[in-house]
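J.: Single-letter residue listing:
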Amino acid sequence: MMRATRDYLTFLWRCGRIAFVGDWRYYAWMGGLTVFCLLGLHAYCIQFVHGLIVTGMSDEVSWGVYIANFTFLVGVAAAAVMMVIPVYIYDNEELHDLVIFGELLAVAAIIMCLAFVTVDLGRPDRFWHLIPGIGQLNFPRSMLSWDVIVLNGYLLLNVHICGYLLYSRYQNRKPSKWFYIPFVFVAIVWAVSIHTVTAFLYVGLGGRPFWNSSIVGPRFLASAFSAGPSIIILALQIIRRVTHYHITDKALLTLRSIVQVSMIINVFLLFNEVFKEFYSGLHVASSTYLFLGLDGHHALVPWIWTAVVFNLVSMFLLILPLTRSLKWLDLACVLCIVGIWIEKGMGLVIPGFIPTPLGALIEYTPSLNETLVCLGIWAFGLLCYTIFLRMSVPILQGRLSKANEHLPEPDAAADPATAPVPH
Amino acid sequence: MSSTQKRPSAQSLRRTNWVLGVITVGFLALAAALLASPWKASTQPKIPLVDPSFLEQTAWRKSYSDLVREKADLSDFQCYVCHEKKNPPPLRYDEQHVLIVPDEHSDIKMGHGTHNRNNLCYNCHNENDLLTFSIRDGNELKFEESSRLCGSCHGPNYRDWEAGVHGRMNGYWNHQLGDFKRLDCVNCHNPHAPKIPTRKPAPPPHPLRLPLLPEPQPKAATTS
Amino acid sequence: MGRRNFLRSSAAFAGLGALAASLSPLRELGDYSSVDEFMQKYYKEMTPDDMAKVITRIENDVQRQYGIRPHVRDLKPMDGAEFVYCLNLTRCIGCRKCVHACVNENNQSRNPEIQYIRVLKLPHGSMDIDKADHEYNPESVPEKGFFYMPVQCQQCHNPPCVKVCPVHATWQEKDGITVIDYDWCIGCRYCEAACPYWARRFNFTKPEIPKERLNPNMSYLGNRPRKQGVMEKCHFCIQRTRVGRYPACLEVCPVGARKFGNILDPDSEVSYILREKRIFIQLKEEMGTNPRFFYYFEK
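Chains as they are written, first to last, in my numbering: chain A, 2 to 424; chain B, 129 to 352; chain C, 405 to 703.
Okay, chain A solo, but in the shape it has when bound (with noise of 0.2 Å):
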């Protein structure tokens, strides 16, 4: 017991010692997402202080880009499961050993999504109100106390499955089913739960009918199954080049066909909510307001024709067989990531307060020290992958493990992040 404590404790100070070291450009990479990140924070600081009026919201537009980004982001943490089904469900070989990127992609976003939960709140203070048993969770009647519970719950489970997976591997000894199979198969259902539950959040609003459509679930699914491993097909190319772990480009396309499908499958709802609302007229002033402006106000219209540009051409260039090459795919998906971000983040939350239940129309534009705590949010979410990444590439590679324990440490600039691993 004490041994087996020891042991985890070494692996725990060896990782996050690994996480301080690597060659000038991860320094560079590392500083710079610390200075965002310091900035944010010291936006936040402000925020905190003053209060919510340092941002661009107000009673007309009560959320703004704060919960953009959080439903955003729980898409591409729901997309993990993109990877995970394939190689659990359907014994995928290419993507076996590159799942675990993905389940950390989806921890990294987790984090960012509590991030931007926390700093929209009015009372940060007191968020121990949340918590069952010493505070009031209003379970099962509230969506937000669902989505505590499942965001949360999907932290865990991928936290435990990567630990688990990653600390074995670092043992060399063969992982034990029990301890990870089924958590597997709840985190798939959990990762779609996620993001139905987001979904349900705006849904379940019958005052504000933009959001009141039963199709906001599956085209929530469908944005983040095309936007979440398209960020996996980024992020995996990166991590090839940088570390030359192996990947291979069949993995790739692999989830190329996963984007290609669902990006379909999110065009096609997107015009079914386009037709519903603009041919039945019913309801239509946020959708008017969005899509082409409404009484002289149409801050929203560029964003949106962006996001249906982006969307319909990296949907076609899915199709086409252009795509095979991976630099016209790092385009559709670079594509696809912007056009659902916009979609999905302002083109959803902002339109649904746009006119207000009392017929108001107020804009709202995004200040810069609430800009400032969104990027510095993504640079902790980007830096806290990276770390990941830095963590088990090594691990994975065979590098940092129990046995190379007693060897001396690398230097930091000598260690070989960048070496190629005989595979």
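No lab work stands behind these hints: they were computed from the structure. One thing to keep in mind: the hints can contain errors.
From chain B, some residues computed to sit far from chain A (all C-beta separations above 10 Å) [claimed, not checked]:
#1 SER140
#2 TRP146
#3 PHE155
#4 SER165
#5 ASP235
#6 ILE236
#7 ILE263
#8 TYR286
For the chain A half of the interface with chain B, some residues (derived, Cβ under 8 Å), not all of them [unchecked claim]:
#9 TRP25
#10 TYR28
#11 VAL36
#12 HIS43
#13 SER59
#14 ASP60
#15 PRO219
#16 VAL302
#17 PRO303
Please read all numbers here as calculations on a predicted model, not as lab measurements. Heads up, the beta-carbon is just placed ideally off N, CA and C, and yes, glycines get one too.
Starting from the known structure of chain A, arrange chains B and C on it as the hints suggest.
T.: Coordinates of chains B and C only, in the frame set by chain A:
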């Protein structure tokens, strides 16, 4: 790239040192910048306090009972200082058969009902005793009982008023816990011209974020 | 090697310095929250002793901040009372006196401005709220061709705001008033998104109330001054109505358009209106919220 060899090149190590140096300086510069607080919370324009007249609860008119209660000057109600008791003043009309209000009463602007139907003094005032009203059943009413006089014509409104539904109530909704005060008809309606005059509205709201463009005025429905 | 270690440590220390500097705005935190306030129990779980302590704390806070000793009470719903509001759209002239009487009575922030009542100006013949003008400011009201509809919390039987609150910080009391525990609200603004009547307001910053306009007659769930970052809304003037008085918006109405009372009492004004008046409507009836606020017409 030189990464095929196990140890990184000297160039790579030099670059690492260089980057670490830049990061150090960058962090210090950032710290200095943040302490100087480059951006401040935006200051909102001050919103002026609302004029206290908009918080006023008193009725805009005083009834005869109010004046009595306040021991106010009641000389306006002493009709027989000018008029003769046995000699009721005659009513004069113009060509359109519209009542001509005598100069002595020029403060009175008649406007009770449409088509001048009710612009006749003796519809309400008692011709035989100007210090009372004459109600339609022939009985006399004191000035303090003016609301009953109104009720003799405006039945449904009077019924609502008695139920506390027409006109304002003040005080306690729960009559066991405290008193309530019902306003008289004349507290709101000028009996000679009962339509309530228009008034200046209190200032409009100041939204936290101003509309970027002026809001277009809604058009009145053309059918009305 | 030694040089690099030195550089690494100096970068780390510079980073810590920058971290500390980034936290510098917290110096202005002031009276953000006290330990007592942070640890305060949920309203429904407080014993009378707890509540007495909390009330003393609130009274001290208000006195420190405004120099006026308030009278804070925790007023409970009356037995046999359920409140209903009726508003006569034929009478309302859109003068907005109710808006400001409410602000004055309920200690709402003047800067930035928080108002519980929003008066809508609508063209004759239409209940389409998207046509509403919120900012009208003519020389005099009422204007020809328009009618006016004041909207405030509708005190729904099925309040969507209560359903969505993740921490039970808002709930419906047995007299029908939906209240907020301002010391429990976490400020997520989900209720604000859920309300179909746009009745809820958020304290985007520390509210500012001029001393000379502070109303010292306060209640815990009602008009005591709020903190930054919490929700508030119309509560039918709990500090008045739960001791039997009319709400402030009613008492200031120059045309008697506002009627309030106990619907369980057949002799109350509101019972009379719902019995005798032919047309009354609940705003957005199709939402199924079943408001305790009725709009009615006459003649």
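J.: Against chain A, does B:ILE263 keep a CB gap of more than 10 Å to every residue?
T.: Given that every Cβ of chain A is farther than 10 Å from that of B:ILE263, nearest at about 47 Å, it holds.
J.: Can A:SER59 be said to touch chain B, with a Cβ gap under 8 Å?
T.: Hint on A:SER59: holds, closest Cβ of chain B at ~4 Å, below 8 Å.
J.: When you look at the beta carbon of B:TYR286, is every beta carbon of chain A farther off than 10 Å?
T.: At roughly 36 Å from the nearest Cβ of chain A, B:TYR286 sits farther out than 10 Å, so the non-interface label holds.
J.: Could you check that no beta carbon of chain A comes within 10 Å of the beta carbon of B:SER140?
T.: violated, 6 Å
J.: Verify that the Cβ of B:ILE236 lies farther than 10 Å from every Cβ atom of chain A, and report whether the claim holds or is violated.
T.: holds, 43 Å
J.: Quick check on the hint: A:VAL302 CB to chain B CB, less than 8 Å?
T.: violated, 13 Å
J.: Hold the hint about A:TYR28 up to the distance rule: shortest CB distance to chain B must be less than 8 Å.
T.: holds, 5 Å
J.: Closest CB-CB distance from B:ASP235 to chain A, is it above 10 Å?
T.: Answer for B:ASP235: holds, closest chain A Cβ roughly 43 Å.
J.: Taking the closest Cβ pair, is A:VAL36 under 8 Å from chain B?
T.: Since the shortest Cβ distance to chain B is 6 Å, the answer is holds.
J.: Was the hint right that A:PRO303 lines chain B, CB cutoff 8 Å?
T.: Where the cut-off is 8 Å and the nearest Cβ of chain B is about 14 Å from A:PRO303, the hint is violated.
J.: Minimum C-beta separation from B:SER165 to chain A exceeding 10 Å: can you confirm that?
T.: With a cut-off of 10 Å, B:SER165 comes too close to chain A, as the shortest Cβ separation is near 8 Å.
J.: If I take the minimum Cβ distance from B:TRP146 to any residue of chain A, is it greater than 10 Å?
T.: Given a closest Cβ separation of 7 Å, the condition is violated.
The structure is inconsistent with the numbered hints 1, 2, 3, 4, 15, 16 and 17, although it conforms to all the rest.
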